[in-house]
Amino acid sequence: MAARDLKARGMLTGDLVVATPCPTWAWKRRFKRSGIRMLRAPVGDRYVLEQMLKNNAALGGEQSGHILLPHLATTGDGLLTALVGSGFDCSLGKSIDELTEDLKVFPQVIVNVKVREKKPLESIPLWPRPSTRPKRN
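Letter by letter, the sequence shown follows residues 1 to 137 of the working numbering.
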């Protein structure tokens, strides 16, 4: 709702939102339908804010509910987010139910896997290699 509200008011710079790798498919679908791009940042408010400042983004957040609005504050603040959120229905002339009616919730499971050595993802070869993948009929 925040992204669409800021976009409608011309305040979503570059039509860009910064988020961690965890947002659900619902976020991605909804942003795409609204013409909003999503840039990924590592988990943590500080990394989200860093990417926001680097890319002049007006909105960022984490799935945990931390919402960053750097034009108001540089840290996630639940009370501030609630106050801003309470104004969405007023500024767009819709109820909260109307604003969320097109949001389809997709199930998501997060599983932590222990590893001996944490290598950068880019250094791990893909398998199977594209040339060895079976062809579809």
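Be aware that a few hints might be false.
[Stated by the list, open to error] 25 Å max Cα-Cα, derived DSS-like pairs, lysine-lysine:
no.	residue 1	residue 2
1	Lys-94	Lys-28
2	Lys-28	Lys-54
3	Lys-118	Lys-32
4	Lys-7	Lys-32
5	Lys-54	Lys-32
6	Lys-54	Lys-114
7	Lys-94	Lys-114
[To be verified] What follows is a list of derived Cβ distance ranges for each label pair:
no.	residue 1	residue 2	range
8	Lys-119	Gly-14	17 to 25 Å
9	Gly-93	Val-113	42 to 50 Å
10	Met-1	Tyr-47	43 to 51 Å
11	Ala-8	Asn-56	34 to 42 Å
12	Ile-124	Glu-98	39 to 47 Å
13	Leu-53	Leu-80	37 to 45 Å
14	Gly-93	Glu-122	25 to 33 Å
Simulated from the structure, these hints should not be mistaken for laboratory data.
No residue lacks a Cβ here, since even glycine has one placed at the ideal position from N, Cα and C.
Results of checking the hints against the structure:
1. Lys-94 x Lys-28: At roughly 22 Å apart (the allowed maximum being 25 Å), Lys-28 and Lys-94 satisfy the hint.
2. Lys-28 x Lys-54: holds (21 Å)
3. Lys-118 x Lys-32: This hinted pair is violated, its Cα atoms lying about 32 Å apart.
4. Lys-7 x Lys-32: It holds: about 13 Å lies between the C-alpha atoms, which stays within 25 Å.
5. Lys-54 x Lys-32: Holds, at about 22 Å.
6. Lys-54 x Lys-114: At roughly 32 Å apart (the allowed maximum being 25 Å), Lys-114 and Lys-54 break the hint.
7. Lys-94 x Lys-114: Not satisfied, since the Cα-Cα distance of roughly 46 Å exceeds 25 Å.
8. Lys-119 x Gly-14: 17 to 25 Å: Hint violated: Cβ distance 33 Å, outside 17 to 25 Å.
9. Gly-93 x Val-113: 42 to 50 Å: holds (46 Å)
10. Met-1 x Tyr-47: 43 to 51 Å: Distance hint for Met-1, Tyr-47 is violated at roughly 23 Å.
11. Ala-8 x Asn-56: 34 to 42 Å: violated (19 Å)
12. Ile-124 x Glu-98: 39 to 47 Å: holds (45 Å)
13. Leu-53 x Leu-80: 37 to 45 Å: Hint violated: Cβ distance 18 Å, outside 37 to 45 Å.
14. Gly-93 x Glu-122: 25 to 33 Å: Taking Cβ atoms as reference, Gly-93 and Glu-122 lie about 46 Å apart, which means the hint is violated.
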